[in-house]
Amino acid sequence: MKYILKVFSATFMSLILSFSIANASSGVFKVSHDLGFGKDTNLDAITKGRLFQVVIKTQNRLVRPDMNGVPSPSLSTDWSANSDATEWTFNLRKGIYFHDGSAFDAPDVKYSLMRAKDPDIGSPVRKSLNVVEDIEVVDQHTVKMKLSTSFADFPLLLTDYRLRMIPEGSGDTIGQTGVGTGPFMVDKFDPEGTTILKANPEYWEGAPGVAEVHVIAIPDAQARIQALLTGQIDMNRYVPFNQKKIFDSNSKFTTTVIPTGNWRGVVMRTDTAPFDNPKVRKAFRLAVDRQELVDLVMGGAATVSCDTPVMPSDQYRLQMDCPQNISKAKNLLREAGFPNGIELTVYPATLEPTWPTIAEVVQQQVAKAGIKVNIEMVPSKGYWNEVWMKKPVSMTRWNQRPADTILHEAYHSGAKWNESYFKNADFDKNLADARSELDFNKRKKAYQNAQMTLWEQSGTMIPYHVSRLVVTSSKVKNLDAVDHFSIQWHKVKVD
Amino acid sequence: MESNLIIKDKQKNKLEKAFEILKTMASKPSGLIGLTIVLFHVVLALISPYIAPYDYKAISPNTMLLAPSAEHWFGTDSLGRDVFTRTILGGRTALTVTFFGSLIALLWGGLLGIFCGLVGGKIDDVVMRVVDAFLSIPWILAMLLIVSLLGTSTEVLIPALGFFYGKGIVRVARAATHDVIAKDFIVSARARGHSNMSIIWNEIIPNVRDAILVEGAMRWSWMLLGFSSLSFLGFGVSPPTPDWGLMISNARGLMSFAYWSVIAPIVGLSSLIIGINLTADAFAKALGIDRSTKAPV
Chain A
3 MKYILKVFSA TFMSLILSFS IANASSGVFK VSHDLGFGKD TNLDAITKGR
53 LFQVVIKTQN RLVRPDMNGV PSPSLSTDWS ANSDATEWTF NLRKGIYFHD
103 GSAFDAPDVK YSLMRAKDPD IGSPVRKSLN VVEDIEVVDQ HTVKMKLSTS
153 FADFPLLLTD YRLRMIPEGS GDTIGQTGVG TGPFMVDKFD PEGTTILKAN
203 PEYWEGAPGV AEVHVIAIPD AQARIQALLT GQIDMNRYVP FNQKKIFDSN
253 SKFTTTVIPT GNWRGVVMRT DTAPFDNPKV RKAFRLAVDR QELVDLVMGG
303 AATVSCDTPV MPSDQYRLQM DCPQNISKAK NLLREAGFPN GIELTVYPAT
353 LEPTWPTIAE VVQQQVAKAG IKVNIEMVPS KGYWNEVWMK KPVSMTRWNQ
403 RPADTILHEA YHSGAKWNES YFKNADFDKN LADARSELDF NKRKKAYQNA
453 QMTLWEQSGT MIPYHVSRLV VTSSKVKNLD AVDHFSIQWH KVKVD
Chain B
186 MESNLIIKDK QKNKLEKAFE ILKTMASKPS GLIGLTIVLF HVVLALISPY
236 IAPYDYKAIS PNTMLLAPSA EHWFGTDSLG RDVFTRTILG GRTALTVTFF
286 GSLIALLWGG LLGIFCGLVG GKIDDVVMRV VDAFLSIPWI LAMLLIVSLL
336 GTSTEVLIPA LGFFYGKGIV RVARAATHDV IAKDFIVSAR ARGHSNMSII
386 WNEIIPNVRD AILVEGAMRW SWMLLGFSSL SFLGFGVSPP TPDWGLMISN
436 ARGLMSFAYW SVIAPIVGLS SLIIGINLTA DAFAKALGID RSTKAPV
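Chains as they are written, first to last, in the working numbering: chain A, 3 to 497; chain B, 186 to 482.
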């Protein structure tokens, strides 16, 4: 009997031990970032210089997009609205703790979201969040958000990748600490070197699959590819499609193509001559052959956009065709007082590997309409501070956002990241009408009217929404085949 | 009439001397190879716009990354452009910018070095410490700063490269001047009351010219490499102008499966640099200068 008990105990202990080992975090997952914000790089998700490769792993949102982009529970378990969608009640997950040991509760939600509305901070997300008038702490695990207007898609707005929950009162230090409730905790923040994240063993969805994440600053796109090839990093989500062949035939790597709402573009400042004339802007946009850009730059892996930032899968996207029209472009330039064409300079940097190629192809395409494009390369480091929104024409790239968010954030006359300095009363009114409209069809019509205004007037040429070529080391397992902001990072393992 | 004859005679002598140097340079295999390569590149740069089979700007998704064939001898690049066309045109800007850049470097570096060597004293001390300070700054960082502020036009690149590559010439010219200023003919010129400018022009330059010219030839090949490095980093020639450095930069990521788009510009650039180096070596030997000591042998 004693012998049987001994054998049973030993087996039981072995099982427990193996189970513990199997569930322990192990290995290091190494990724990179482009240091595009230079010295302003920080861990405060709502600021311009947020290092999103870190904050998406250390902090959670109330609501997150699921694999299909539909709002799904994160730190909020469920939500409901009143009859006219002006008040939204969110129930919070219980037993959640921040990395500093404090409990997550309703005052933290109020603090995190109201802080994003603070004009002194000047967050780029402020414009979208202005619809929130007040947040009432109903009890420790319930908040009620009062909106200035009806907003049937409000939970969609809360899926924004920057609306992360941080401890109440931590605003002054969050930029360096990155404290949140996420699967990883910041161990060392070194934006120009290697930032080290440690696994959060108490993570509410289970212990992460890896013990550490290293986020390494590598400004040059080709250097990031070489880093992947040599094993310095385990994942590159910005590999140009013309380099896919390098990895396809190599068993050490796994390639995944992910359709996204991310876009690249050329921005003309609408407050600067000659782009203050809508006819000049439209002439430039009409002179571009978008399908050729898709073929040459993306190897066909993108969806043509007629200058709408709304992603192809979004229910509010305006579907239209916009073939290159050189004669119309020339006519518009003539009507605008430029019968001999115009000359402009664009400033690509290699922080986005496709920018120089986009610039070269566009240069050839618009030349047919009498538009001479000069290309001046600029350093990657600090591009967003020195070039973007400063030069009359710049290159841009955006990650996907819901229709309402991206239209507000990139084009509303009061938006901080209104990169083309676009001001149009009809456009703003359509956005306001869409938010307050409870009828889906009418709401859709208002969003599409806003996109039609962009096609006629905007200063941003958006040729396509990209499919993303993600290349990972074959050691990396369980990485969701979705965009950055929907990935459940705690599931990732590195053999 | 008599003076005209003397001038013609001097010109004839100069031509004869130049021809003699050229003959000496070509008498050695390395010199002959160097001269041939440089001559080939210069001729190619001059005639390439007339013999290029395609438009160097013509992009097309239908001809992306085609392997070498009878139609496209060196294949096509990632935008469907003919690599042969872009390679033969690729040296024009580099040769032009670096040739004029070298001239500027020679002029300011040579003259300043000779002047400092002649006058000596505090002026020499101050100027040489400033030159030393500039020599301690990595040129590529300084160039990146300049092109970030002023752009990448040739009007900016030529004087900027000329300035940075002239710093070393100041030292060589100064050292060569020190070798001659103690000689009798300089002392005599001073005793005759000649001005510094007159001594520099009539007495020193003819005696240090060869050493400075050899140094200038060497600087030219380094400047070519430097200019291509700038283009490689995206701060030299602006697209779509064909340039070897830019072509290598654009194609480096495709090297493992579209090697043709990167090999041709690499061969173009390296052969020209080797050619200039061999020519400079042969030039120095023909003038009786040992390049390892920069002094006449």
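Please keep in mind that the hints were generated in silico from the structure rather than gathered at the bench. Keep in mind that a hint or two might mislead.
Claimed, not checked - In silico SDA-like links for lysine to any residue, alpha-carbon gap of 20 Å or less:
#1 A:K393 x B:L330
#2 A:K370 x B:G265
#3 A:K383 x B:G265
As the list claims (entries may be wrong) - Chain A is nowhere near these chain B residues, computed Cβ spacing over 10 Å in every case:
#4 M249
#5 S423
#6 P424
#7 P425
#8 S455
As the structure is a computational prediction, the values presented were derived from the model and not from experiment. Yeah, the Cβ is synthetic: ideal placement off N, Cα and C, and Gly gets one too.
Practice item. Identify every previously stated hint that the structure contradicts and give their numbers, smallest first. Key: 3, 4, 5, 6, 7
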